[in-house]
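Note that the protein sequences, when read in sequence, are chains W and H. Each residue of the first sequence is one higher than the one before, counting from 1 in the working numbering. Each residue of the second sequence is one higher than the one before, counting from 1001 in the working numbering.
Please keep in mind that the hints were generated in silico from the structure rather than gathered at the bench. These figures come from a predicted structure and were not determined experimentally. A few of these clues could be false.
Chain H stretches covered by chain W per the calculated footprint, using a threshold of three residues with CB under 8 Å from any CB of chain W [to be verified]:
1. 1116-1129
2. 1198-1204
Derived lysine-lysine pairs resembling DSSO-like cross-links, with alpha carbons at most 27 Å apart [unchecked claim]:
3. H/Lys1159 with W/Lys80
4. W/Lys80 with H/Lys1175
5. W/Lys80 with H/Lys1231
6. H/Lys1174 with W/Lys80
Glycine residues also receive a C-beta, built at the ideal position from the N, C-alpha and C atoms.
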Amino acid sequence: MSVLLDHLPELWQGLIVTIQLTAASFLGAAVLGVLVTALRVSPVRVLRAIGTAYVETFQNLPLLVLLVLAFFGLPTIGLKAEPLVTAVAVISVYEAAYIGEALRSGVNSVSKGQGEAARAIGLTFTQSLRHVILPQALRTVVQPLGNIAIALTMNTALAGAVSIVDLTAAAQRVNLVEAQPIPIFVGAGVAYALIAACVGFVTGRLERWLVILR
Amino acid sequence: MLMKKIIAVVAVSFLGLAACGEASSPAVPGPSKSGTDVIGQAPVAAASDILPGSTMEKIKQRGELIVGGSLDAPLLSQQNPATGEVEGFDAALGKALAKYIIGRPKVKIVNSASETREALLSNGTVDVVFQTYTITEERARQVAFAGPYYTSGLTIAVKKGTSGIAKPEDLNGKKVIAGANTPAIPAIKKLAPQAEIITFGSDPECLQALTQDRGVAYVQDETLLIAAAKKDPSISIVTKPFTVDPYGIGLKHGDDQFKTFVNAWLGKIQAAGVWQRIWKDSIGTVVTGDAPQPPRIGSVPGS
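Excised from the complex, chain H in its bound form (with noise of 0.2 Å):
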C-alpha cells in the first residue's frame, strides 16, 4: 500500500514536470483544416489511366493508398490527437492521390522514419512517400521521385536579442540545434563545417532546446520556423532561407509507368487549383499571402 502511494506520488510529480515543461512551449502551431472538402473536389483518374498489371491497378484493387509519412509533422502531416486524423500539407496530398487512383480518399499512413523510407519503398511496404522527402541524386540512385511538389529552403532562428547570427556561416563554432534525420545537418556541415550540430527527435524538442540555450540557433525548415515564431514572441528568424529543398514524392525505384502516373496526376491537380487549396488550407494558415507557383515537374536532378 506504502509502495504504491509512493509511486503514484513521484509519477504525479514527474507530470507536472512534464506540464512545466509543455507550457512554456506549445507544441501544435496554428490551426489546421483536414481540408475534407478541398479533397471531394480532386479529380479522379480515367479508368483508361489504371494500366492492367500496373501498381495503380494493384492499389485500386486493394482499395487503399499506403503512403510513408510522418505523424507528428507540424502544417504537413501531424495527427490530431482529437480526431485521429492525419492533417497537413503532405496528408492531404496523399489523400488527393488516393482519390485519383481509386476514387475515395483512403488512405493508411505507414509512419516511417528517414532511416527507413528507402528500405520500406523498395521492398514494397508502402506505395508512396510524403515526408518533406527532398530530392537528392544520391537518394535518387535508390528511390525514384515524382515532382518536385513544394520547394522549400532551411533558415535559422535564435532567441530574441541574439546578436552576431546573419547569416549561415555565422554559425561556426558555435552550438547549432537542428531536427533529426533533417536536410539541416548536411546543409550546416557545409556551410559552417566548425559548428557543433545536436539533434533532437521532433520540433518541439528542439524550440524547447533553443529556449533552454542549448544552443544558439535552430536551423529548420521555413515554413516550421515562421509557425514557431508565430506562437513563441521570445524567438525570432534572422534569415531568408539560404537552401532550395525540392520535396518529391517518394516511389519504389524503376517503376516509370508508376512514376509517369504520379506526375500526371500532380500536373492535373495543379491546374486544377487543388494543390493550391490545399496549400492554403495547411502551409497558408501561417505564411500570409497566395499559394506559390509550384515548382516545375521533373526540373530538378533526380526527379
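So that you can see chain W by itself, here it is in the shape it has in the complex (with noise of 0.2 Å):
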C-alpha cells in the first residue's frame, strides 16, 4: 500500500493522461462515428460502400497494429505529431468504427415510417437524419455508447506502446523501481475500475434522463 502512496504523483499524472485521451479520442469518435453512420445508412450506394469498407477495415484491425503504423509509419511519409495528437486521432479512428455501428443499430430501431413522413413532409436526408432519426436514435443507444467508451477507457493502456505515460505505463514505471507488480497494479485496477464506473453511472442517468414513455 506504502508503495502506491510514495509514488502517488507520477500515478496520478498518469491518470490525468489516461482521462485527457479517454474524454478526447471519445470526442473525436463520436464526431466521426457520426459520420460513419450517415454513410452507413445513405441513399447513395457508393457513400453505404465506403462506410461499410471504414467500419470492416477498423474492427478488423487491433488496436496496438494501429498505433504503432500510424506513429512509426506516418513519419516515413512525411507526416509527424506529437505522440499524444497521434494516439488521440488512432484511438478516434478506430473506436469510431464502434460508436457507428452503435448509432447505427440505433437508427435501424427507428421505425421505417417516421423516415418515410420527414421525407414526405420535404425534408432532405440530412434534415431528416438530424430531425427526426437521430434524435431518436441516440436515446436507444446510450447504453451501448457507455460500453464503447469503458471498452475504449481500457485501449488507452495500448498508448504505452507508442511513447505516451499513461496510466498503465506510470505503474509500470514505478514497478521497475519497487518490484512490487501486485500493489500497483491493483492500484491501477481500481483507478480504471472507478473511471468505467463513473462512465456506467453517467450512461445510467442519461438513459432515464433521456426515456421517452410510449
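Need the complex rebuilt from these two chains, each delivered in its own frame; the hints are there to steer you.
As C-alpha cells, this is what we get:
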C-alpha cells in the first residue's frame, strides 16, 4: 500500500493522461462515428460502400497495430505529430467504427415510417437524419455508447506502446523501481474500475433522463 | 466482393508502409550462433548435488527447466524466426543450467515481462529468470539473486552530427528515448532529472524513434547500442558506459539451497571456460576482443 502512496504524483499524472486520452478520443470518435453512420445509412450506394469499408477495416485491425503503424509509418511519408495527438487520432478513428455501428443499430430501431414521413413533408436526407432519426436513435444507444466508452478507456492503455505515459505506463515505471507488481497493478486496476464506474453511472442517469414513455 | 477488394487494397498498402519502416532500421543485429556445441561441453551436476526434496530435484523430475526470459532481446535472448530456437547469452546460460540439473539442455522459456517476473518467481511459475535482471536491493527483498553473472552498463546513442551531448547530465531538458521497463529510466531520472523520457517496448522501436527524431538521444545497454551502431551508420555512441548494472539470476525468495546450487554452477562454468565461450558466441559477435572477466559471485549488495 505504501508503495502506491510513495509514488502518488507519478501515478496521478498517469491517471490524468489516461483521462485526457479517453475524453479527447471519445469526442473524436463520436464525431467520426456520426459521419460513419450517415455513410452507412445513406441512400447513395457508393457512400454506403465507403462506410462499410471503413467499419470492416477498423474493426478487423488490432488497435495496437494501428497505433504502431501510424506512429512509425506516417513520419516516413512526412506526417509527424506529437505522440499524444497521434494516439488520440488513431484511437478516435478506431473507435469511430464501433460507435458508427452502435449508432446504426439505433437508426435501424427507428421505424421506417418515421423516415418516410420526414421525407414526405419535404425534409432532405440530412435534415431527416438530424431532426427526426438521430434524436430518436441516440436515445436507444446510450447504453451501448457507454460500453464503448468503457472499452475505449481500457484501450487507451495501449498508448503506452507509442511512448505515452498513461496510467498503465506510469504503473510499469513505478514497478520497475519497486518490484512490487501486485499492489501497484491492483492500484492501477482500481483506478480504471473507478473510471468505468463513473461512465456507467453517467450513462445510467442519461438513459433515465432521455427516456420517452410511449 | 467490392468490400473484400477494398479491404485487400488497404491491407496491402498498410503492409507496404510497414515494410518501408522496417527497411530503414533492421531489427536483428549481428549473426548469433545457437551455441549448442558449447552446451555439449557444459558440465552436469553430480547426483549427490541434487539434494532430495530440493528445487533442483523437482526440476530434474520434471525433466525441464522453466526459465523466465525475453524472446526479443538481440544478442541476449531472441527467438530466431527461422528455427524457433531462442538464441543469445541469457538463453544459452539457461540451457547450460538445464543441462547441469537435468543432464540435457531442455528449457521452456516463459516470456516474462519486467512487470511480472517477481510474481512469476514467487508463485513458482518459473524456476529461474535470465532476463538482464539487474540486481538491486529493492528487488532483493522480493526475489533471491544468484550471481551476478554479467556486468553491463548504460550508454548514450545519438544521430550522427548531434552536438551538445557528451555526458548523461547533458540530457537535462531534452527528450530522451529509453526502452520501456529497462534500468535506463531510473538511471536517467537520477542523472538528468529534467530530461523528458519517452519509452517504447522494443529495441528496434527505440532506434526507429531515434532516427525519426522523436528524441535526441537513446539510452540503452552498451551491448545493444554497439550492435545497433554497427548495423546503422547514422547512429553514433557518445559515452563510455556511465552505470554499472550487475545482472543476476532471479530465484524464488528464500530458497537458499537453490541459490547456493546455482552459484556453484556459475563458478564451475566460469572455471571451465563455458561462460566465456557462450559470451563469444553471442555478445562477442559484435563486441571485439576476448570475453571479459566475469564479475565475482556475490560481490553486489542484494546478491
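(request) Could you work out which earlier hints the structure fails to respect and list their numbers in ascending sequence? (result) Structure breaks no hint.
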